[in-house]
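Peer 1: In case you want the letters, here they are:
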Amino acid sequence: MRVVRIANGAGFLGDRITAPRELVEAATVDYLTIEHLAELTMSILARQREKDPKAGYAEDFVEIIRSLCEPLKKQPQLKIIANSGGMNPLACAAAVSKVLKDAGLGDTVIGVVTGDDLMQDLAAAEFRNLDTDEPLSVLPREKIVSANAYLGARPIVAALVAGARIVITGRVADASLTVAPLVHEFGWSWDDLPKIAAATVAGHLIECGAQVTGGYATDWEHSHLVNVGYPIAEVNEAGETIITKPANTGGCVNFRTVAEQLVYEIGDPHRYYTPDIVCDFTTVELKDLGNDRVLVTGASGSDATSTYKVSLAYRDGFMASGQLLVYGLDCPAKAQACGEMILQRTAAAGFPLARTNIELLGQGAGVPGSWFWRKYQPPGEVMLRVTVHDPNRAAVEHFTREIAPLITSGPAGLAGYAAGRPSVRPVFAYWPTLIPKSLVIAKVQVQTAEKFA
Amino acid sequence: MTSGQLMFVRDLATARSGDKGNHANIGVVAKDAESYEILRSRLTSVRVQSHFSGLGITRVERFELPLIGAFNFLLYDALGGGASRSLRIDTQGKLLATSLLDLQLRLAPEV
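Protein chains in written order, with our numbering: chain A, 1 to 453; chain B, 1001 to 1111.
FYI, nobody ran anything at the bench for these hints, they're computed from the structure. All figures in this text were calculated on a predicted structure; none of them were measured in a lab. All C-beta atoms, glycine included, are put in the ideal place defined by N, C-alpha and C. One or more of the hints may lead you astray.
Chain A residues, not near chain B, derived (Cβ > 12 Å throughout) [said to hold, decoys possible]: (1) Glu25; (2) Ala103; (3) Thr114; (4) Gly115; (5) Asp121; (6) Pro135; (7) His184; (8) Ile242; (9) Gln336; (10) Met341; (11) Val367; (12) Ala415; (13) Tyr417.
From the derived model, a few chain B residues whose C-beta atoms are all more than 10 Å from chain A [to be verified]: (14) Gly1004; (15) Ala1033; (16) Glu1034; (17) Ser1041; (18) Thr1044; (19) Ser1045; (20) Ile1068; (21) Leu1105; (22) Arg1106.
Derived pair list, reagent style DMTMM-like, types lysine to aspartate or glutamate, alpha-carbon separation capped at 20 Å [what the hints assert, rightly or not]: (23) B:Lys1020 x A:Glu381; (24) A:Lys287 x B:Glu1064; (25) B:Lys1031 x A:Asp219; (26) B:Lys1094 x A:Glu134; (27) B:Lys1020 x A:Asp268; (28) A:Lys309 x A:Glu25.
Put together the whole structure using the sequences plus the hints.
Peer 2: Have a look at this one:
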């Protein structure tokens, strides 16, 4: 039975830049997917586009394509599907095309999927917050920085049908990057729910890169992660999937790594919503075949809903976070006092802060209130971390100036101020909502790199 | 009267956690069928919510995936504002799984 091999070379924007090339050099795959868009990445990219109309995409992808020019020449079967277009897929295509053209790959056909960006159509639907049911009108329009529908696999399939070798999208559901090539290669019908479910599960399992090949695993000592291999889903025409990784790489693929990833960042496992299907993960069965191969079968699902999820972000003031190392047997009390001193001095300067948090790293601050830590003796040193959030940028700026002075005006036994003042960053808060699919029109443009450049 | 033996969740399962907006999830994969049954009866949503009482969680929902011997715990409002607004070092709940493995369960005494 025919098998299509789909690899994933990035699980987020900032993942290992050399992984995609290492992957395609270590294994022959039909498709390489690149997943660059976490929930809030879009708002960061939106802000970059505000400053420069030609920016707003994952620049890592341009570097990745540069690293893949040789493999693209040597491996005619290799295709790439990436959501690295972010807020500006066409600009991403232009940048990538220039690299391809310079490498003598100007005839490469590129497909670009747009239409997920809803910023021009915010009046088109009655948006309500998925968690709170508040209407969008509670947010001043000028505070909204980005609003993108999670598109599905269909427009990617359209680009592949039109002959694209590289498909660049904006916001699409992560699993759809894998669903699309399988539907394209096997000609599966969208009504064939067990197949669409199988493809969705395969996509969900590989979308976080090395998290299914031994990364992020509880049993880290046995995983040999230095040269961890990134994942490959081998899917046959019946939808049976084997999760594996290239030979002679680190990491491991076994029942446990795959099972943990199946339940990663999900809600109700009976209803995993994507634009392509409502998938049921509870019917999935895993069989460890040994040699870093796990067979995945049994996925099921029901028809997709009539709405797309929308990831909308709005400006919500400013944040900053500073740290100091506090040393000595009295360090917990001393660190707490230092944190309070910083906040009191900021308030006394005329800047009371809306939200503040003092954390003593090394004292169980990672999971506040976790009883487990109380059994341990206090350590001889603790890292003080103070984080603040306020609508007023000047107040947060002032806070950042009150940390280093403790070195001369606070208690003895402090270090770690040499890195300088912490930076102030704008906060983009997340406002999840839905939009009827009928109101969103995905567009697909397919042409050669020569023309996009 | 004997009180039952204490066992760490880490002796029964592995786990990983992540974020869903301001909610967090913890996937727990049992090491074998016997461990799955112990977790099923002892690692209740109430027990998990009390373990994480310092986080301000409003509700914990537990889902079962018996075919792979796993559970998914959904911890509502666990992240102090979620990835962008949280003031905590662990903005995305990445540490919650490790903390859950440190939880101790008291097994039913032998009769």
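Peer 1: Run the C-beta distances from Leu1105 (chain B) to all of chain A and say if the shortest one exceeds 10 Å.
Peer 2: holds (13 Å)
Peer 1: Evaluate the condition: distance from the CB of Ala415 (chain A) to the nearest CB of chain B exceeds 12 Å.
Peer 2: With a cut-off of 12 Å, Ala415 (chain A) remains clear of chain B, as the shortest Cβ separation is near 19 Å.
Peer 1: So if I understand the rule, the pair passes when the alpha-carbon distance is 20 Å or less; does Lys287 (chain A) with Glu1064 (chain B) pass?
Peer 2: holds (19 Å)
Peer 1: So is Ala103 (chain A) really clear of chain B, every C-beta pair being over 12 Å apart?
Peer 2: holds (37 Å)
Peer 1: Taking the closest pair, is the beta carbon of Gly1004 (chain B) still more than 10 Å from chain A?
Peer 2: holds (19 Å)
Peer 1: Taking C-beta pairs only, is Ser1045 (chain B) more than 10 Å away from all of chain A?
Peer 2: Correct as stated: the minimum Cβ-Cβ distance to chain A is 13 Å, above 10 Å.
Peer 1: Beyond 10 Å from chain A, beta-carbon-wise, is Ala1033 (chain B)?
Peer 2: At about 13 Å from chain A, Ala1033 (chain B) clears the 10 Å cut-off, so the statement holds.
Peer 1: For a C-alpha distance cap of 20 Å, please report whether Lys309 (chain A) and Glu25 (chain A) respect it.
Peer 2: At roughly 36 Å apart (the allowed maximum being 20 Å), Glu25 (chain A) and Lys309 (chain A) break the hint.
Peer 1: May I ask you to check that Pro135 (chain A) keeps its beta-carbon over 12 Å from the closest beta-carbon of chain B?
Peer 2: holds (18 Å)
Peer 1: Need the status of pair Lys1020 (chain B), Asp268 (chain A): alpha-carbon distance at most 20 Å?
Peer 2: With a Cα-Cα distance of about 12 Å, the restraint between Lys1020 (chain B) and Asp268 (chain A) holds, given a limit of 20 Å.
Peer 1: Evaluate the condition: distance from the CB of Thr1044 (chain B) to the nearest CB of chain A exceeds 10 Å.
Peer 2: Holds, since 17 Å exceeds 10 Å.
Peer 1: Does the claim that Glu1034 (chain B) lies off the interface hold, with its Cβ farther than 10 Å from every Cβ of chain A?
Peer 2: holds (16 Å)
In summary, the structure is inconsistent with hints 11, 20, 23, 26 and 28 from the numbered list given earlier, while agreeing with the others.
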